[in-house]
Structures are given as structure tokens and as C-alpha cells.
Amino acid sequence: MFKKRKSLLLLLMLVLIVIFVSGCSTEGEDVASDSGDDAGKTENNEDQIELRILWWGSQNRHDRTLEVIDRYMEENPNVTISPEFTGWDGYWEKMATQAAGGNLPDIVQMDYAYLTEYVGRNLLVDLNPFVKEGTLDLSDVEDVYIEGGKINDSLYAVNLGANVHGTVYDPALFEEAGIEPPEPGYTYEDVQSFAKKLSDNLDGAYGVQPTVGTNPLKHYLRQNGVSLYAPDGKSLGYEDDQLLVDFLQKTVDMIESGAAAPPDLFMDAGSIEQQPIVNGDTAMLLDIFSNQLVAIESAAGRPLELMLDPTLEGGESGHFLKPSQFFSVTKDSKHQEEAAKFISYFTNNLEANEVLNAERGVPIAGTVRDHLRDKLDDAGKKMFDYVEMAQDYANPIDPPDPQGATEVETLYVREVEEPIYYGQVTPEEAAANFREKANEILAKNE
Amino acid sequence: MKKKKQLRSQRSIDITGFTFIAPWLIGFLGFIVGPMIASLYFSFTNYDLLSAPSWIGFENYITMFTEDARFIQALKVTFIFVFGSVPLKLAFALFVAMLFNTRRKGVGLYRTLYYVPSILGGSVAVAVVWRELFGREGALNDVLAIFGIEGTSWVTSPDFALSTLILLVVWQFGSPMLIFLAGLKAIPNELYEAAAVDGASPFLQFIKITLPMLSPVIFFNLVMQTIQGFMAFTQSFLITNGGPMDRTLFYAVYLYEKAFAHFDMGYASALAWILLLICALFTALIFKSAQSWVYYESEGGK
Chain A
1 MFKKRKSLLL LLMLVLIVIF VSGCSTEGED VASDSGDDAG KTENNEDQIE
51 LRILWWGSQN RHDRTLEVID RYMEENPNVT ISPEFTGWDG YWEKMATQAA
101 GGNLPDIVQM DYAYLTEYVG RNLLVDLNPF VKEGTLDLSD VEDVYIEGGK
151 INDSLYAVNL GANVHGTVYD PALFEEAGIE PPEPGYTYED VQSFAKKLSD
201 NLDGAYGVQP TVGTNPLKHY LRQNGVSLYA PDGKSLGYED DQLLVDFLQK
251 TVDMIESGAA APPDLFMDAG SIEQQPIVNG DTAMLLDIFS NQLVAIESAA
301 GRPLELMLDP TLEGGESGHF LKPSQFFSVT KDSKHQEEAA KFISYFTNNL
351 EANEVLNAER GVPIAGTVRD HLRDKLDDAG KKMFDYVEMA QDYANPIDPP
401 DPQGATEVET LYVREVEEPI YYGQVTPEEA AANFREKANE ILAKNE
Chain B
1001 MKKKKQLRSQ RSIDITGFTF IAPWLIGFLG FIVGPMIASL YFSFTNYDLL
1051 SAPSWIGFEN YITMFTEDAR FIQALKVTFI FVFGSVPLKL AFALFVAMLF
1101 NTRRKGVGLY RTLYYVPSIL GGSVAVAVVW RELFGREGAL NDVLAIFGIE
1151 GTSWVTSPDF ALSTLILLVV WQFGSPMLIF LAGLKAIPNE LYEAAAVDGA
1201 SPFLQFIKIT LPMLSPVIFF NLVMQTIQGF MAFTQSFLIT NGGPMDRTLF
1251 YAVYLYEKAF AHFDMGYASA LAWILLLICA LFTALIFKSA QSWVYYESEG
1301 GK
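Residue numbers (the numbering used here), protein chains in the order written: chain A, 1 to 446; chain B, 1001 to 1302.
Errors might be hidden in some of the hints.
To be verified - Now the stretches of chain B that chain A is said to cover, found in silico as 3 or more residues with beta-carbon under 8 Å:
1) 1049–1059
2) 1126–1138
3) 1148–1155
4) 1236–1250
5) 1261–1275
Stated by the list, open to error - Sample of chain A residues facing chain B (criterion: CB under 7 Å; computed from the structure):
6) E93
7) A96
8) P262
9) D264
10) E436
11) K437
Said to hold, decoys possible - Under the rule of at most 30 Å between Cα atoms (straight-line distance), these lysine-lysine pairs were calculated in the DSSO-like manner:
12) K1288(B) / K444(A)
13) K1076(B) / K437(A)
14) K218(A) / K94(A)
15) K1105(B) / K94(A)
No lab work stands behind these hints: they were computed from the structure. Since the model is a prediction, treat every value here as computed from it, not as a measurement. No residue lacks a Cβ here, since even glycine has one placed at the ideal position from N, Cα and C.
Using the sequences and the hints given, assemble the complete structure.
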């Protein structure tokens, strides 16, 4: 009886060991056969190629992108593309983890704010060679659209659409209050005065949703001829704290005078669709990117208008064409050429762009722009017109944010933006505190 | 003792034991011990997740205690959260457990219903719903409006955000409640009958019988909930994301932000080890204090 049990046990152990060991070894074999396949693939283009693509976005974007991927696979039967997508939340965490594991997808959607972080860590591929040999066709794209993806003349990212920062207003509320809507050339003082009038004249709505976020700040600093970050990325780009003080003071004044909505009205708005202007709680939203008009107007269900940011008297123009987001090819990709080919398709193919419908911003290829223009709905047309108009007011874009910029922006939100809205610090305190701590973070850049 | 000797001679039984726990053991070594050793190593390095870690000794720990104001803020918030939520949650759980410890119609259904929030506890959906309920346009303000009170946005107001999160975890009292319920069922009814005969009021019965008899269960719940409280993450991350102005910056949220948003895995690992020490310290304190208030019948009152 005992013996029998013992042998049974031994058998069980053996089985377990076999399962465990074979589990390990098949994995090993997989790796071996994988690399074998890859060697074959590069030699022989007829073999199946697998690409992985990662992006963030709304459901709308996911559906459109997936359809384009299906089209591409139909036209290129030897390519299989597996998509990975999330919302903006968690996207960079996911990517950082994949990067740490040496397991980045072949193509990743990239943001201007993160480009330097990833290039600095040597994770992206210079696409210039593919442009030269024609795999990645950018012949129909003007330099102003490409520039943003370049660092030291190397092209690390291809722009998926152009964006311009701006403000959005509700023409109906302006009319109701009997106030002329803003026109290009209006100033910060104009905003303060008509916002007050709007708040006074409207029943249950405020003039503006105020903002001291980093996007309008960057705009304001550019109007003063400086940037948020120094060109070498080792410190802030401005010397005089008074600039930030003045910028913050404008908002503080508006909140105090009742021209601007109080913070509890807009602080819990998570996405662009939840901003107070959607419900008619404010007549104007000062911090938006042109491609967001499509989402905000469909959420509001009534026409809204895009307008340039306020001008600074005697200042320069702060506007610039911003790449809304990019595609980059990663160092971990085994099929960099195929990846470049897909990006080329995404950029230039007319049918693909009909599906995409400029949801990522105004397309960068000239022919695609012309082709799409007639087919757009109202919001899309407004966005195209706005970007076109803003080009006349635009200066060259600042270099991509330096490494550590994401940490600086967190710092800014927690210690400048939010306390200013809630009146917990004075602009002077906030500006001095921000300079000290931001410079500490940026000083780590060698 | 005799029994033990007998067992020792049967080595095959040991083997059986190890065979059966092998899957767990492998997982434990691979997914817990391994990563822990790695994180201990990383905590002494400067590691940005993407390039190789470089050894910097105790620098991360020194920075934490001398220069990092947000670390102090995270500790402060977490302590307020734990000391605010755990006693409230346990008291509430005990209260509801006592209500359910009766033979009423449909009590089983209620037990299930009240447990539901805990099952959903860590879930994203509940956090999102909470955000909606306590937002400016949420249900809470609608109720307040009936009484003519104008509410604010409870999740983004610097004064109320943390209390709103505490309320959320107190509401998720289901699992300590179930454990209390089991403990209550185990108290012999004779004790209450005898006390009733002697004329003890229900309140006195609660103080003199229920609490002492339940103390091992209270002890268990206290330890578990305290540890869980220190490690709380989802509520803050999803509802307030640490804001406004770091007023709800839970320790775990700060750790996560350092690791994955600021690419500072070395520092985050150091934070994790400090959290482990804090949990260990508090568990030890509770255990130490237990000698004076936890009553074990089997040990003759010791």
C-alpha cells in the first residue's frame, strides 16, 4: 500500500517536472524559431511580416484607425498588423514598461512632449534613410509640417496632423449678451472686459473658463519672445519671473471680478466633451487645440467657433503649427522598413485618409488636404480654415520639450495652476516657487 | 509531540505536501521573492527604466527624507487616510454585522447586497461612479439642493477631496462585515442569556460580552484593513489623481507617478521599501498592543 503510494507520487512529480521543463524549453524553441523566421523574412519578402502598432485616442479614433489597418492588410497580404490601443491615461506608463522590457511595438504614436525623452534614451529610429530611398514618401509635405519631428536633423517622428492652439466660443451666448464676438487681433484686456460683460449680461453663465495651463503659458511666453524651456533644456527659458506673474494675474483678476468661472465649475471636467462650454455654462474656453473642435462641437450639439488666442500689445505672435501626434518607429522593431512603408501609406493614401477624416488634425500631405476639404462636415471645415488662418500668425515652433519636462509639468499643475485657481497662492509666490523647483529638475539634464 | 514524531517518519507525506504546493511555491519565488530582491537592488540605483541602472548607494533614501516635500505630503495624506478610514470602516462594519446577526426575513439578501460594494471595491467602475456622484453635477448635490444647500464639486475641492475618498472606502465595508458576522455567530448564546438573567442592559452586554469575545476578529480586521489602507491606490488614482494640489496624494499614487510618469524606478523602489517598513511597523505595533486587549478563550483568557 505504502509502496504503491510512493511510486504514484514519484510519477506525479515526474509529470510535474516534465510539464515545467517542457514549458520552459518550448519557450526557448519559440525564441529560436522566431529569430530563424526573421532571418528568412528579411531575405525573402514573400514571407509573412508581423507589425505591432500602438496608439492612444478616443473610440472614434480607434474605429477609424482599425479600418485603415484592415485596408492596408488587404492590399499587402504578406503583412499582418496587430493593433494595441488605449486612452491617453496609462498610455505612457504602458509604453515605458514595454520599453523597459525591450518589447516596444514596431510603430508607436508619439507626442511632442515625450519625443525628447524617447530620443534621448535611444529608443526611436532615424527615419531619414527611408525618406531618401522613397519608402517613406514625404515629397508632398511642406517642411513646416515635418520640422516638429526632427531633432538635430534626424527625423524621429512623422506628424499625423497639424494642430494650432486656440480658443473656442459660443456665438449664440455672445449674441444673447449683445456683445460682438472676438476677431483676430483682440487683446488680453479685451478678454477681461468682454468676459465681465458676458458674466453680467448672461443668466447662469460665465464669460470665460479661465486657464493658466502650460499651453497658454507657452503661447504668452512666445509673445514675449522667450520659451518655457531654455534651448539647452537645462533650465527654464525665461529669466524674469514678472512674466509668469503677469500671466497668472490676468486669470486671478478675472476669477475675482466674476468674469471667469470659479474653479469648482471646471476642475472636475475630465475630457474635452465635459468642459462647461458644452452645457452652456461658459461662453468661451481659452485652452483648446484645433482638432478638439470636432469632439467638443459634437458633444455640444450646436455650432461653436474657433478663434486665435489673444494678442499681446507690442508683443510677437505666439502661434505655431503643432504636430498633433506622430508615428515613430522603435529600435525594437525588426521590420523597420515595413513600418516606414505603413506610415507612408497612412500619410499619403487618399482612401485611408477619407476613413481617418482628419480626426488627428489637418493632414500634412498637400494632395490629401485638398482631397478631404470638400468632403468635410462643418466642424472639420472650421478646423481646416482655422489652421490655414493661423499659419499667417504663426512663428516657428519651439524645440521639443527637454527631458524632465513631464515632471516639470506635473509640478506646474500641482504648485502653480491649481493653487492659483483656488486662490491659495499669490502669483509672485507661485512664480518664484516654480522657478526654483523646475530649475532643480531641469538641472539634471546633462 | 507524539503525533509530530510519527509524521516526521513519513517523508513521503512531506513530498506530497511539497508537490501540491509546488505551483504556488514557483509563483511565489518567481513573482514575489524575485521582484522583491530586484526592487531592493533598484532602490540603491538611479534607474530610469530604459537605460541600465547605476549604483548610487543610499542617495534615494537620503533625498526622500531631506529634500522631497511631496514625499512628506504623501505620507501625511496616507496617514490621515488610514487613521480616518480604518476605525470608521470597522465601526460601521461591526454595526451592520450586528444588524444582520438576527433571524429576520430576507436577511440573506441584505447580507449579499451590502457585500456588493466590496466586490466592486477596487474596480474602476466604482471609482468612476463615485466621481460622478460627488461631482459638481452629481447626485449628492441634487439631494443637497432639496434642502437649499448649494454644493461644490466634492472630488476636486481641496477641502473635501480627501474626505470624499475616505467615505468611499468606508462604504466598502463588506469584507470586514462578513468576518465580523462569522465572529458574532461564534459567540455562545448562553453568555447573553446568563447576562440577561442577571439584568445586564443590551449596551452592557455589548461592552462586556460582544467586544471581548469578538476581540480576536477585531484584531484580524484591524491588521488587514490598516495594511490595505496604506497601500490604497485606485481611489485616488482614478478619482482625483492625487490632486487638487496633492491633497489626495496617496503614497502608492506618488510611487506610481515616480516610477512610470517620471521614469524614476530607482526612487520608486526606495519608496516601496519605505512603505513596506511602515506597514511592518504598524503591524508590529498592533500585535504588541494586542496582548492587552485581545481575548482568546482557548488560552484561558490570555
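Quick rundown of the hints versus the structure:
Coverage of the stretch 1049–1059 of chain B by chain A holds [criterion: at least 3 residues with CB-CB distance below 8 Å; count 3]. Counting residues of the stretch 1126–1138 of chain B whose beta-carbon sits less than 8 Å from any beta-carbon of chain A gives 3, enough to reach three: the coverage restraint holds. Evaluation of the coverage hint for the stretch 1148–1155 of chain B: fulfilled, as 3 residues show C-beta separations to chain A shorter than 8 Å, against a requirement of three. Counting residues of the stretch 1236–1250 of chain B whose C-beta sits closer than 8 Å to any C-beta of chain A gives 5, which meets the bar of three, so the coverage hint holds.
Coverage of the stretch 1261–1275 of chain B by chain A holds. Counting CB-CB distances below 8 Å, 4 residues qualify, and the rule asks for three or more. A hinted interface residue such as E93(A) counts as satisfied when its beta carbon comes closer than 7 Å to some beta carbon of chain B; here the least separation is about 4 Å, so the hint holds. With 7 Å as the threshold, the beta carbon of A96(A) comes within range of chain B, its nearest partner Cβ sitting at about 5 Å, so the hint holds. At about 9 Å, the closest approach between the beta carbon of P262(A) and any beta carbon in chain B exceeds 7 Å, and the interface hint on this residue is violated.
Hint status for D264(A): holds, given a least beta-carbon distance of 4 Å to chain B, under 7 Å. Taking 7 Å as the C-beta cut-off, the interface hint given for E436(A) is violated, the closest approach to chain B being about 12 Å. Hint on K437(A) is violated. Least Cβ distance to chain B is approximately 9 Å, over the 7 Å limit. Between K1288(B) and K444(A) the CA atoms are separated by roughly 45 Å; this puts the pair beyond 30 Å, and the hint is violated.
Between K1076(B) and K437(A) the alpha-carbon distance is near 21 Å, which keeps this suggested pair within the 30 Å criterion. As the CA atoms of K218(A) and K94(A) are separated by approximately 28 Å, the hinted pair is consistent with the 30 Å bound. Restraint check for K1105(B) and K94(A): not satisfied, since their Cα atoms lie roughly 50 Å apart, outside the 30 Å limit.
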